[in-house]
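First to last, the protein sequences are chains A and B. The first sequence begins at 4 in the numbering used here and counts up by one. The second sequence begins at 238 in the numbering used here and counts up by one.
Any given hint could turn out to be false.
[Claimed, not checked] Rough simulated footprint, nothing fancy, chain B against chain A, three-plus residues with beta-carbon under 8 Å:
(1) 28-41
(2) 59-65
(3) 100-112
[Said to hold, decoys possible] Just a few of them, taken from the derived set where beta-carbon distance is under 7 Å, the chain A residues facing chain B:
(4) Thr-126
(5) Ala-127
(6) Leu-129
Simulated from the structure, these hints should not be mistaken for laboratory data. Here the structure is a predicted model, which is why all the values come from computation and not from measurement. Built from N, CA and C at the ideal position, the CB exists for glycine as well.
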Amino acid sequence: MSIFFKGKKVEAVLFSPLEGKITYQGKPAAGATIKLWIAWKDKDGETELYYSDDQGNFSIPKKTVVYKDNPLAQLSVGQEVTVEYQGKEILIWKAGKSSSHLFGELGGQPVGLTCELANEEMTAYLDHALVKTLCKWQRLKTLED
Amino acid sequence: MPEISPDTAAQLAERIYDVQDLSLVDFFLEQSFFKQAKKPGFSPHKHLMADVGGRIILKHRDGFGICAHGSNDRDLFLIFRGTTMANSGADIFTDAYIGIENSSAGLPVHIGFNRCFTSMLPEIRTFFSTHVKGGKTVHCIGHSLGGAIASLAADWVARNTIHAAKLYTFGAPRVGTDWFVNSTTTAIGGEHIHRVYHRTDPVPMVPLYPFMHAPYDQDGHYLFSVEPLTSGEAHKMTKYKKSVKTKSWKQLSDAPENPYTVESAIESWLKSKSPIADTSSATFWRWVDSALIYVIKKVALAAIVSIQGAFVTSFTIADKIAYILAKGINLAENISIWVEHLMRKLMQALGMKVVESKEELTHNLIRFVLMRITEKANKEARNALRRL
Numbered sequence: 004m005s006i007f008f009k010g011k012k013v014e015a016v017l018f019s020p021l022e023g024k025i026t027y028q029g030k031p032a033a034g035a036t037i038k039l040w041i042a043w044k045d046k047d048g049e050t051e052l053y054y055s056d057d058q059g060n061f062s063i064p065k066k067t068v069v070y071k072d073n074p075l076a077q078l079s080v081g082q083e084v085t086v087e088y089q090g091k092e093i094l095i096w097k098a099g100k101s102s103s104h105l106f107g108e109l110g111g112q113p114v115g116l117t118c119e120l121a122n123e124e125m126t127a128y129l130d131h132a133l134v135k136t137l138c139k140w141q142r143l144k145t146l147e148d
Numbered sequence: 238m239p240e241i242s243p244d245t246a247a248q249l250a251e252r253i254y255d256v257q258d259l260s261l262v263d264f265f266l267e268q269s270f271f272k273q274a275k276k277p278g279f280s281p282h283k284h285l286m287a288d289v290g291g292r293i294i295l296k297h298r299d300g301f302g303i304c305a306h307g308s309n310d311r312d313l314f315l316i317f318r319g320t321t322m323a324n325s326g327a328d329i330f331t332d333a334y335i336g337i338e339n340s341s342a343g344l345p346v347h348i349g350f351n352r353c354f355t356s357m358l359p360e361i362r363t364f365f366s367t368h369v370k371g372g373k374t375v376h377c378i379g380h381s382l383g384g385a386i387a388s389l390a391a392d393w394v395a396r397n398t399i400h401a402a403k404l405y406t407f408g409a410p411r412v413g414t415d416w417f418v419n420s421t422t423t424a425i426g427g428e429h430i431h432r433v434y435h436r437t438d439p440v441p442m443v444p445l446y447p448f449m450h451a452p453y454d455q456d457g458h459y460l461f462s463v464e465p466l467t468s469g470e471a472h473k474m475t476k477y478k479k480s481v482k483t484k485s486w487k488q489l490s491d492a493p494e495n496p497y498t499v500e501s502a503i504e505s506w507l508k509s510k511s512p513i514a515d516t517s518s519a520t521f522w523r524w525v526d527s528a529l530i531y532v533i534k535k536v537a538l539a540a541i542v543s544i545q546g547a548f549v550t551s552f553t554i555a556d557k558i559a560y561i562l563a564k565g566i567n568l569a570e571n572i573s574i575w576v577e578h579l580m581r582k583l584m585q586a587l588g589m590k591v592v593e594s595k596e597e598l599t600h601n602l603i604r605f606v607l608m609r610i611t612e613k614a615n616k617e618a619r620n621a622l623r624r625l
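All chains, please: the whole structure from these sequences, using the hints.
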């Protein structure tokens, strides 16, 4: 059956770009290792590493995939961002996203993002996806802005 | 017993797709609809689990669900998700799956959906027996395949527990035959069934007759869309969420444009010689469905064939319908003419050479045409979904 109907290829954003500053007890966390894990087609997922600069700034680029769409099988992406700093491993972002949209996690791009590793509680953002994060931001820039 | 709003039902049916791994279940349950830990911000998750109690996770190769307590003492939730890319099933509409077997209540339902539901049933029983005290309202919610599973869950709750069931589905396929649909409508109560579907969503159009939708003889929450052709876009949960936004259940009921149950309308469609406009149109498949029902009922009535029992056998559905229609060909002219009209119409839609006389309509040919049209309907649904 499927030979007659080749699914159309579409692009999905698995992880929207995230950039900001990592601090530990208010001071820039320089040279921290940032581990991004995303899984969507199997349980193992893929891991990529990024590093913060001298000022604690980091930037994780957009992760996309082109796949054969079949809405009977819904896209569902798991995301985790962990920071390794001074021998500690701290989870700063965990999310489940089922939309293929850019910034589908929060409904917009966080501007003025800071992630304080000493924060103990993650805050939940559940309107657009299931997201919990230690990071805070000044505002969300929506695509219409 | 209050029902939840269309917004809430849609939000839950959408968010359940975000639960990509089990650790996200906790996030999902932090939504305000659910019972929360007594000291928020204090308990880490494992304590939260014990504090709240009674969340049960349901897993199956093609589906996934959660049983949970609502934010007040009256409500329970059973929320189901369809297939995701990670378990990349989506083969629930392949021919192997489209058969009929008896549900837990002994009613004829779709094999694939029933197997998915029954694999989760032991956990659902445990949820009710260990975590639920007193009578509650159980809100069963789901999109697509999740909606089909929610329908079976609501039926089970209504028959086997002291609780009241309410059902909310978005773009769900058909779950059972006439008998099941009639019986589940009585068990749950037609007014407690909220079936939401876009006119151009192809998934609620399959499987073809004898599969039908609950509530029995009601249109459900039909949402008009201007596009003539079926599309995968119309099946997406995000689209449903937008369509129902800020509306009440009452506001969510456009009138379907044609009552295809009117006999004279079906007869004139069957008799018309005009070419089939487009087999991708939502309208075409509604006519096929109505015409199939009309002709089969006519034959069954005249030949005293029981339709109810007929479909639950080791034969395929096409076999059974072919058997009934082939019987019809040998009946009096006022019956056989409709079988002829139906077969011509279907052959025309399939692009086959149309037979000249009813003698050519052998059992084998009828069976072949029915198998092709069933295949085409399923293909049409899958193809439309992939056309995005």
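Results of checking the hints against the structure:
no.: 1; hint: 28-41; in the structure: violated (count 0)
no.: 2; hint: 59-65; in the structure: violated (count 0)
no.: 3; hint: 100-112; in the structure: holds (count 3)
no.: 4; hint: Thr-126; in the structure: 10 Å, violated
no.: 5; hint: Ala-127; in the structure: 5 Å, holds
no.: 6; hint: Leu-129; in the structure: 5 Å, holds
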